[in-house]
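2 protein chains.
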Amino acid sequence: MTTPDAHPLDDLIQALRRLPGVGVKSAQRMAFHLLQRDREGAATLARALDTAVQSVQHCTQCHTFTVGRLCAICQDEGRDAARLCVVETPADLAAMERTGAYQGRYYVLMGRLSPLDGVGPRDIGLGDLLARASQGVVQEVILATSFTAEGEATAHAISEALKSRGVHVTRLARGVPIGSELEYVDLGTIAHALSDRR
Amino acid sequence: MTTPDAHPLDDLIQALRRLPGVGVKSAQRMAFHLLQRDREGAATLARALDTAVQSVQHCTQCHTFTVGRLCAICQDEGRDAARLCVVETPADLAAMERTGAYQGRYYVLMGRLSPLDGVGPRDIGLGDLLARASQGVVQEVILATSFTAEGEATAHAISEALKSRGVHVTRLARGVPIGSELEYVDLGTIAHALSDRR
Numbered sequence: 001m002t003t004p005d006a007h008p009l010d011d012l013i014q015a016l017r018r019l020p021g022v023g024v025k026s027a028q029r030m031a032f033h034l035l036q037r038d039r040e041g042a043a044t045l046a047r048a049l050d051t052a053v054q055s056v057q058h059c060t061q062c063h064t065f066t067v068g069r070l071c072a073i074c075q076d077e078g079r080d081a082a083r084l085c086v087v088e089t090p091a092d093l094a095a096m097e098r099t100g101a102y103q104g105r106y107y108v109l110m111g112r113l114s115p116l117d118g119v120g121p122r123d124i125g126l127g128d129l130l131a132r133a134s135q136g137v138v139q140e141v142i143l144a145t146s147f148t149a150e151g152e153a154t155a156h157a158i159s160e161a162l163k164s165r166g167v168h169v170t171r172l173a174r175g176v177p178i179g180s181e182l183e184y185v186d187l188g189t190i191a192h193a194l195s196d197r198r
Numbered sequence: 001m002t003t004p005d006a007h008p009l010d011d012l013i014q015a016l017r018r019l020p021g022v023g024v025k026s027a028q029r030m031a032f033h034l035l036q037r038d039r040e041g042a043a044t045l046a047r048a049l050d051t052a053v054q055s056v057q058h059c060t061q062c063h064t065f066t067v068g069r070l071c072a073i074c075q076d077e078g079r080d081a082a083r084l085c086v087v088e089t090p091a092d093l094a095a096m097e098r099t100g101a102y103q104g105r106y107y108v109l110m111g112r113l114s115p116l117d118g119v120g121p122r123d124i125g126l127g128d129l130l131a132r133a134s135q136g137v138v139q140e141v142i143l144a145t146s147f148t149a150e151g152e153a154t155a156h157a158i159s160e161a162l163k164s165r166g167v168h169v170t171r172l173a174r175g176v177p178i179g180s181e182l183e184y185v186d187l188g189t190i191a192h193a194l195s196d197r198r
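Respectively, the protein sequence lines represent chains A and B. Just so you know, we're using UniProt numbering here: the first sequence kicks off at 1 and counts up by one. Just so you know, we're using UniProt numbering here: the second sequence kicks off at 1 and counts up by one.
Okay, chain A solo, but in the shape it has when bound (with noise of 0.2 Å):
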């Protein structure tokens, strides 16, 4: 992007484009972006990611992203620990949040099974989720990864793990989203709402 004395340009675009979904052309285009308008979000990104790296790690007991031992949710008394909702990150565990409907604790898996990448039962924690369903307290998990080829993957190994402990086990409702027509809904959603009818 520039001359050869501007070493610390090509390592800030490089380090850039560790970033997913960030090319080489966007890393360049971030890279001036941040030298030429905003060095101000440069710093401030930069203590953030510091700050991140070095504070945030995974809560003991639901393997959400906290800072401390346990997560706000974990160490909410008031939340139904016999309601135990599996979702595959952080960001699905806050879209759950937001609905408000939903009182119970959660199971976070940090990712979603997928043999082609090499992500297996352990890391998605999947022996610490069976000990937790399995003590007693939890009387329903519900499972509410991505409906996806590789979170119904993921459901169905879970459902299958547990079921054989003799818990009882929920998937989040297949059907048609709010607001939509029904001209463009996948036939498959369709189906699902069919026969799912109540």
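Honestly, the hints are just simulated from the structure, not real lab data. Check before you lean on any hint, since a few could be wrong.
Chain copies aren't distinguished; within one or between two, either way the pair holds.
Stated by the list, open to error - Okay, derived cross-link-like pairs now, SDA-like style, lysine to any residue, Cα gap no bigger than 20 Å in a straight line:
no. : residue 1 : residue 2
1   : K25       : F147
2   : K25       : I142
3   : K163      : I142
4   : K163      : Q139
5   : K25       : A161
Nothing here was measured: the structure is a model prediction, and the numbers come from that model.
We have chain A; now place chain B onto it with these hints.
Chain B alone, transformed into the frame defined by chain A:
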């Protein structure tokens, strides 16, 4: 994205959103990726940002990004001082250099005229450019700004200002890009290539 006690994570997501082209979903994905799979990358990026902010500045002569007072090209006595190529960004300068077809010197506008965004002649250093081109050393100014509406307007404004001072001004040739099938080239380009045929 997470529980209320995890401020550092939210700070990181907000900081990532300052990157151009990064919305809240991308920022969440980036933060998750860095913290879950590439903490070393996050630390590297933090260091690269700090170093770049502290050490990268503008070459006092051509305005490109550099470390120190003068960039390598401006320091290189072997470059032809009679030719001055005007580009918009350090990335454009790097593209010109990669061709290996240019031995002259550069002037980097660090932007382009864009009245709607409040970018005027002063912001692209037009005064410095006119002063440098009028000193008698430069015999040809080659305008290599983008072939977009704003790039053309910038080239036109610079060209008018230089011509009124008696400086010889040229523009990169418009034409059909190498490897193109004529069928897929836009009509304006074909019309230019036709009128500039040689």
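Consistency of the hints with the structure:
Taking the shortest alpha-carbon separations for K25 and F147, only the inter-copy value of 18 Å comes in at or below 20 Å, while the best intra-copy value is 33 Å. For the homomeric pair K25 and I142, neither the shortest alpha-carbon distance inside one copy (42 Å) nor that between copies (25 Å) is at most 20 Å. For a Cα distance limit of 20 Å, the shortest separation of K163 from I142 inside one copy, 12 Å, qualifies, whereas the shortest one across copies, 74 Å, does not. In this assembly of identical chains, the alpha carbons of K163 and Q139 lie at most 20 Å apart only when taken from the same copy (12 Å versus 82 Å across copies).
In this homomeric assembly, K25 and A161 never come within 20 Å of each other (Cα to Cα): the closest approach is 45 Å inside a single copy and 32 Å across copies.
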